[in-house]
Amino acid sequence: MNARVWLVVLILLQPIASWAQGYAGLGGSADGFDVPKRDYQFEFPRDHGPHPTYRIEWWYLTANLTGEDGRDYGIQWTLFRSALKPSEADGWQSPQLWMGHAAVTTPETHYFAERLSRGGIGQAGVAADPFEAWIDEWYMRGPDLNTVSLSASGAEFAYDLDLTAQGPLVFHGDAGYSVKSADGQASYYYSQPFFEVEGVLNLPDGDVAVTGHGWLDREWSSQPLASDQTGWDWFSLSFDDGDKLMAFRLRGGRGDFTAATWISPDGTTTPLPNGSASFTPLNTTRVAGRDVPTEWHVTLPDRGLDVEVSAMTPDAWMATQFEYWEGPVTVKGSHTGRGYLEMTGY
Amino acid sequence: MTFAIVQALLSHWRRHRLQLATLLIGIALATGLWSAVQAINAEARASYQRASDQLALGLYDTLRDPSGTIAVDRYVALRRAGWQVSAVLEGPVRIAGRTVQVMGVDMVTYPALPAMTQTEQSDAPPDPSDMLTAPGRLLATPELAEHLKSQTELPPIVVSDAVPPDLILTDIGVAETLLNRPRQISRLVILPDQPRGVPALSEIAPDLQRVEASAQLDTQRLTDSFHLNLTAFGLLSFAVGLFIVNGTVGLAFAQRRAMIRTLRALGVSMRRLVWMITAELTLLALIGGALGLVLGFFLAGALLPDVAATLRGLYGAPVDGQISLQPEWALAGLGMALGGTFLASGHALFRLSRMPILTGAGVQSWRSSTSGQRFSFLIGTALITGGFAIGYTVEGLVAGFAMVGGILTGAALVLPYFLTLALSVFQRRARGPVAQWVWADMQAQLPGLSLALMALLLALAANIGVGTMVSSFRLTFVGWLDQRLTSELYVTARDDQQGKEIAQWLGPQVDAILPIRNVELTHETGPLFLYGVVDHETYRDHWPLIASSDSAWDRVLTDQAVLINEQLARRADLWPGDMLTLNAEHTLTIAGVYSDYGNPTGQAIVSMQQLDLIAPGAETRQFGIRVSPERATELAQALRDRFDLSRQAVVQQAAVKAQSLAIFDNTFVVTSALNVLTLGVAGFAILTSLLTLWTQRLPQIAPVWALGLTRAQLARLELLRSVLLAALTAVLALPLGLVLAWALLAVINVQAFGWRLPMFLFPVDWAYLFVLTLLAAAVAAALPALRVLRLPPADLLRVFANER
Chain Y
1 MNARVWLVVL
11 ILLQPIASWA
21 QGYAGLGGSA
31 DGFDVPKRDY
41 QFEFPRDHGP
51 HPTYRIEWWY
61 LTANLTGEDG
71 RDYGIQWTLF
81 RSALKPSEAD
91 GWQSPQLWMG
101 HAAVTTPETH
111 YFAERLSRGG
121 IGQAGVAADP
131 FEAWIDEWYM
141 RGPDLNTVSL
151 SASGAEFAYD
161 LDLTAQGPLV
171 FHGDAGYSVK
181 SADGQASYYY
191 SQPFFEVEGV
201 LNLPDGDVAV
211 TGHGWLDREW
221 SSQPLASDQT
231 GWDWFSLSFD
241 DGDKLMAFRL
251 RGGRGDFTAA
261 TWISPDGTTT
271 PLPNGSASFT
281 PLNTTRVAGR
291 DVPTEWHVTL
301 PDRGLDVEVS
311 AMTPDAWMAT
321 QFEYWEGPVT
331 VKGSHTGRGY
341 LEMTGY
Chain G
347 MTFAIVQALL
357 SHWRRHRLQL
367 ATLLIGIALA
377 TGLWSAVQAI
387 NAEARASYQR
397 ASDQLALGLY
407 DTLRDPSGTI
417 AVDRYVALRR
427 AGWQVSAVLE
437 GPVRIAGRTV
447 QVMGVDMVTY
457 PALPAMTQTE
467 QSDAPPDPSD
477 MLTAPGRLLA
487 TPELAEHLKS
497 QTELPPIVVS
507 DAVPPDLILT
517 DIGVAETLLN
527 RPRQISRLVI
537 LPDQPRGVPA
547 LSEIAPDLQR
557 VEASAQLDTQ
567 RLTDSFHLNL
577 TAFGLLSFAV
587 GLFIVNGTVG
597 LAFAQRRAMI
607 RTLRALGVSM
617 RRLVWMITAE
627 LTLLALIGGA
637 LGLVLGFFLA
647 GALLPDVAAT
657 LRGLYGAPVD
667 GQISLQPEWA
677 LAGLGMALGG
687 TFLASGHALF
697 RLSRMPILTG
707 AGVQSWRSST
717 SGQRFSFLIG
727 TALITGGFAI
737 GYTVEGLVAG
747 FAMVGGILTG
757 AALVLPYFLT
767 LALSVFQRRA
777 RGPVAQWVWA
787 DMQAQLPGLS
797 LALMALLLAL
807 AANIGVGTMV
817 SSFRLTFVGW
827 LDQRLTSELY
837 VTARDDQQGK
847 EIAQWLGPQV
857 DAILPIRNVE
867 LTHETGPLFL
877 YGVVDHETYR
887 DHWPLIASSD
897 SAWDRVLTDQ
907 AVLINEQLAR
917 RADLWPGDML
927 TLNAEHTLTI
937 AGVYSDYGNP
947 TGQAIVSMQQ
957 LDLIAPGAET
967 RQFGIRVSPE
977 RATELAQALR
987 DRFDLSRQAV
997 VQQAAVKAQS
1007 LAIFDNTFVV
1017 TSALNVLTLG
1027 VAGFAILTSL
1037 LTLWTQRLPQ
1047 IAPVWALGLT
1057 RAQLARLELL
1067 RSVLLAALTA
1077 VLALPLGLVL
1087 AWALLAVINV
1097 QAFGWRLPMF
1107 LFPVDWAYLF
1117 VLTLLAAAVA
1127 AALPALRVLR
1137 LPPADLLRVF
1147 ANER
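Respectively, the protein sequence lines represent chains Y and G. Residue numbers for the first sequence follow this note's numbering, so the first one is 1 and each next one is one higher. Residue numbers for the second sequence follow this note's numbering, so the first one is 347 and each next one is one higher.
The set of hints was computed from the structure by calculation and includes no laboratory data. None of the values given here were measured: they were computed from a predicted structure. There may be inaccurate statements among the hints.
Said to hold, decoys possible - Using C-beta positions, here's what the derived DEER-type ranges look like:
no., chain 1, residue 1, chain 2, residue 2, range
1, G, 540, Y, 306, 41 to 51 Å
2, Y, 301, G, 540, 50 to 60 Å
3, Y, 68, G, 843, 50 to 60 Å
4, G, 392, Y, 281, 48 to 58 Å
5, Y, 156, G, 672, 55 to 65 Å
6, Y, 301, G, 470, 25 to 35 Å
7, Y, 345, G, 931, 50 to 60 Å
To be verified - 25 Å max Cα-Cα, derived SDA-like pairs, lysine to any residue:
no., chain 1, residue 1, chain 2, residue 2
8, Y, 85, G, 526
9, Y, 85, Y, 33
10, Y, 85, G, 480
11, G, 846, G, 968
12, G, 1003, G, 1112
13, Y, 85, Y, 42
14, G, 1003, G, 781
15, Y, 332, Y, 155
16, G, 495, G, 463
17, G, 1003, G, 1143
18, Y, 37, Y, 69
19, Y, 85, G, 473
20, G, 1003, G, 975
21, G, 846, G, 736
22, Y, 85, G, 470
23, Y, 85, G, 500
24, Y, 85, G, 467
25, Y, 332, Y, 128
26, Y, 332, Y, 230
27, G, 495, G, 992
28, Y, 85, G, 463
29, Y, 332, Y, 240
30, G, 1003, G, 446
31, Y, 85, G, 886
32, Y, 85, G, 530
33, G, 846, G, 992
34, Y, 332, Y, 254
35, Y, 85, G, 458
36, Y, 332, Y, 299
37, Y, 85, G, 471
38, Y, 332, Y, 266
39, Y, 85, G, 456
40, Y, 85, Y, 144
Cβ coordinates follow ideal geometry from the N, Cα and C atoms, glycine included.
Generate the whole structure from the sequences, applying the supplied hints.
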């Protein structure tokens, strides 16, 4: 994945700085921060925790759910970390910032909420062992990353869900080293796409018991985008036959950069290089004053994939400080299934 | 034809240039003083509003801890329970000889502030990471930034004009370093959108007090009375100015009667004439008003710094020391000038429009008749009675001013009646023809002078009243300072820990250490500061109680009772024997009420044990130290050296007193300035009245001169007449001034500040004012007297030769 969010950076800062290049400054240099290197040896549970010497990092969970009422739902729970300096300090002096996004998407409506916090004071953070990621009263809490409970609330919604991993972690790109541009910008990127989910959504009309599948992305980096890249389209799809696909396209002035990972039901991954996948918008929806593609033609000839991906709820717009589109999708064509789509830079 | 009429009308002013000048000056003075006060008030109010907007006060409810400090962990706990709150740490800091307020907000969660938005959108926005990480950035006004420029140890300053004066806005992480209050929060702002299902605050934070957004705008409320005071003064000056206008316009109309009669005989309709004169008055009002606006603008500019200093000192209210010109203000000023001019000349205009075409051209007819005098006496008496009735039956500051207004206006209206009465008494006692003529002549002149004398009466009464009030207040205040400030040294530690160390170190060296600890609670009447005291003779012997029950201190110090300040007592109508609810669990009997000047908020005193019960964790940073006075200086220096305290952290009693008195004196600078101006305007009114009367003087003194009185004698009598009338007015002004002083001390002050002051009399001041008045009257009469002295006998003879 990737290119999910480099939101963090800024967020609050976004209106402040007038960045000429790159989307929301993600194309900036990595001054003083560590940068991802090939052949990194992941170590768990340590790497489930934060890496404060990298500029940005996230714990990003989405789930496609079905209610006892037979309707489809989607939820998002995301915690972003953004470092102003490559260090950590106590109390208000900490240069680490945290941002939480949560959303519930019903077939008709998209509810979302946002939280911001300083590091250092305990209002938000992540602990690796036992695992807990939190901001305010929102949490994603293990004993470990295989069994977590998830909770978030906003003015109009809340949810409490239990997630159990049914498969291994999967690593994208070159064993978790995920390249993001022809120039070689990269991030560390792994996922847990095998969560089974059950729990309760609390919506304005009442509680709904739900079950379904969740997908967690973990990613951190310091300089994820090339300076000409202005946005991305990112897909996480779960097909009915058990295979899964992560695929993204980074849109840039010098042409698009794409990457994908094919995930077998047993967790075996096949990384697919730049150019393997194609993404064509079929239809756009006017959302928040912009034209956002909500129907896509996605092909991956290497795997015989030729599908139409359509948004379940076209106006799943996150009108947060850093605005983007994030919502559940359905897949039809050579493969059928469900998934999540994220689009930025529109 | 119209042109001819205009020429005829204007010819009057060409021939009476002094009169024209007097009229314009009258309008300008009235408009100027009024507009100055309005400009000051508007500027001050705009400053409060700006400050409130700039800090987003009044938009959000807040949470406070009675101890004044909330720990960061507490904030995090509330956040983790779901409450969307944002942290603020604020406090004063002394930098380069100036106390400024530091407001540190968690810039990540605090609602957008105008200063931040403005800074973000500026041409060279600071890097956000510089704002949020050490050393951070300080946002300050250009003026404050200039002042702080030389302070190299401070973080870099970002200039913003969207920050209130004397305030540094910064991130909370910077503020905790600047204020040396690590991991502390002053208050939590409750953000507007709360998530579903948050637990009630009463369950998870019963000890924190929620303060409604609307209750936080107390600057505006507290200063309202101060502004009403200024407005009342402005109105008084306006009224005095109008006396001049009234006198001048009345005389001008009288002098024009001959011309108007001629115009009418030539066929000009009265309707047309009235319209043209109205247009003429409008033009004059606009010119005078414009002059007044210029005057008012500069006057306001000159007075505003003092007003700003007063408001900061008394209420801690932020006011810019600069006046800005608002179009509304200019329009309102011109409106007042127009309204005032027509108010002052309406009567004359009305009389003119009713004038029969063949009425004689004499000047007598514009003067008020005896029946008019009786009528104004009746109205005046009614106004005085009404004023007292309102004062005694209706509560509130506006009623207080209505009372004062009624009494003053009424007194002015009855003045001619009393003067006539006094003059007829003198006349009856007079022996010899000259004396009898002098008194009779004075009676005859009285109607023409009475308006000027009314102005003088008002100005004198205001002077005596306000002077008595200020002096009484000062006397009381000085005595009260002596009682209240009994400790020889006052020490402020950096934090609780240092406070303990200082107390330990001082213990064996001094007579007593009196901790000064307080917490902020809320009462239905506003903020309530609760102080804890230890048992010491300092309090028992000196504390200025104005009402107490038996063994008040014994009961307070044995945790049974509480003392409250006068402000709280009057505002909430609580007196010894009543109960005061401090918070949900603590209600105590009130044992006594103490005077507490110069403090706008409510206060209460309990024993130290009670304070710890009510608000555990109240800081112990301040102490009063009892030590023999000769050791105070040496000990102060020792304290500063040993604990690395600043000059301001260890203050000697004398310095505190001097500072308090300076603030006090500053408070009344504006009042005194307006006072003097009003008296000046009244003196000018006398001068103009005498000068206008001069025109009719010739036919009256010519016969007396022909009977054998020399011109020197006549000139002396001119002076005597003016001085005598002024003296009579001054004598009448004294009781009026004392009534005014009483009203200010016992009614207005109670309403405006919450304290009632004893009234002291200052006969020496009155004598001084009396002499000043006589002098002013003599100076005003000097010019007419000089004219009499130099009058060519030919002019006097000519009186008998033609009928004028």
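Each hint, compared with the structure:
1. 540(G) / 306(Y): 41 to 51 Å: 48 Å, holds
2. 301(Y) / 540(G): 50 to 60 Å: 51 Å, holds
3. 68(Y) / 843(G): 50 to 60 Å: This hint holds: roughly 59 Å between Cβ atoms.
4. 392(G) / 281(Y): 48 to 58 Å: At roughly 53 Å between Cβ atoms, residue 281(Y) and residue 392(G) fall inside 48 to 58 Å, so the hint holds.
5. 156(Y) / 672(G): 55 to 65 Å: Given about 44 Å between the Cβ atoms, the range is violated.
6. 301(Y) / 470(G): 25 to 35 Å: Violated - the Cβ-Cβ distance for residue 301(Y) and residue 470(G), about 51 Å, lies outside 25 to 35 Å.
7. 345(Y) / 931(G): 50 to 60 Å: 58 Å, holds
8. 85(Y) / 526(G): 24 Å, holds
9. 85(Y) / 33(Y): 8 Å, holds
10. 85(Y) / 480(G): 11 Å, holds
11. 846(G) / 968(G): 10 Å, holds
12. 1003(G) / 1112(G): 29 Å, violated
13. 85(Y) / 42(Y): 23 Å, holds
14. 1003(G) / 781(G): Status violated; Cα separation ~58 Å.
15. 332(Y) / 155(Y): The given pair, whose Cα atoms are some 35 Å apart, is violated under the 25 Å limit.
16. 495(G) / 463(G): Measuring from Cα to Cα gives roughly 23 Å; hence the hint holds.
17. 1003(G) / 1143(G): Violated: residue 1003(G) and residue 1143(G) sit about 70 Å apart, past 25 Å.
18. 37(Y) / 69(Y): Given pair residue 37(Y), residue 69(Y) is violated - Cα atoms ~48 Å apart, limit 25 Å.
19. 85(Y) / 473(G): 12 Å, holds
20. 1003(G) / 975(G): Since the Cα atoms of residue 1003(G) and residue 975(G) sit roughly 15 Å apart, the hinted pair holds (cutoff 25 Å).
21. 846(G) / 736(G): Since the Cα atoms of residue 846(G) and residue 736(G) sit roughly 55 Å apart, the hinted pair is violated (cutoff 25 Å).
22. 85(Y) / 470(G): 21 Å, holds
23. 85(Y) / 500(G): OK: residue 85(Y) and residue 500(G) at ~21 Å, within 25 Å.
24. 85(Y) / 467(G): 23 Å, holds
25. 332(Y) / 128(Y): Violated, at roughly 38 Å.
26. 332(Y) / 230(Y): Distance of about 29 Å is beyond 25 Å: violated.
27. 495(G) / 992(G): Since the Cα atoms of residue 495(G) and residue 992(G) sit roughly 20 Å apart, the hinted pair holds (cutoff 25 Å).
28. 85(Y) / 463(G): Within the cut-off at roughly 23 Å; holds.
29. 332(Y) / 240(Y): 11 Å, holds
30. 1003(G) / 446(G): Since the Cα atoms of residue 1003(G) and residue 446(G) sit roughly 21 Å apart, the hinted pair holds (cutoff 25 Å).
31. 85(Y) / 886(G): Given pair residue 85(Y), residue 886(G) is violated - Cα atoms ~58 Å apart, limit 25 Å.
32. 85(Y) / 530(G): Holds, at roughly 24 Å.
33. 846(G) / 992(G): 18 Å, holds
34. 332(Y) / 254(Y): 31 Å, violated
35. 85(Y) / 458(G): Within the cut-off at roughly 23 Å; holds.
36. 332(Y) / 299(Y): 12 Å, holds
37. 85(Y) / 471(G): Distance ~18 Å between residue 85(Y) and residue 471(G) Cα, so the pair holds.
38. 332(Y) / 266(Y): OK: residue 332(Y) and residue 266(Y) at ~23 Å, within 25 Å.
39. 85(Y) / 456(G): 21 Å, holds
40. 85(Y) / 144(Y): 29 Å, violated
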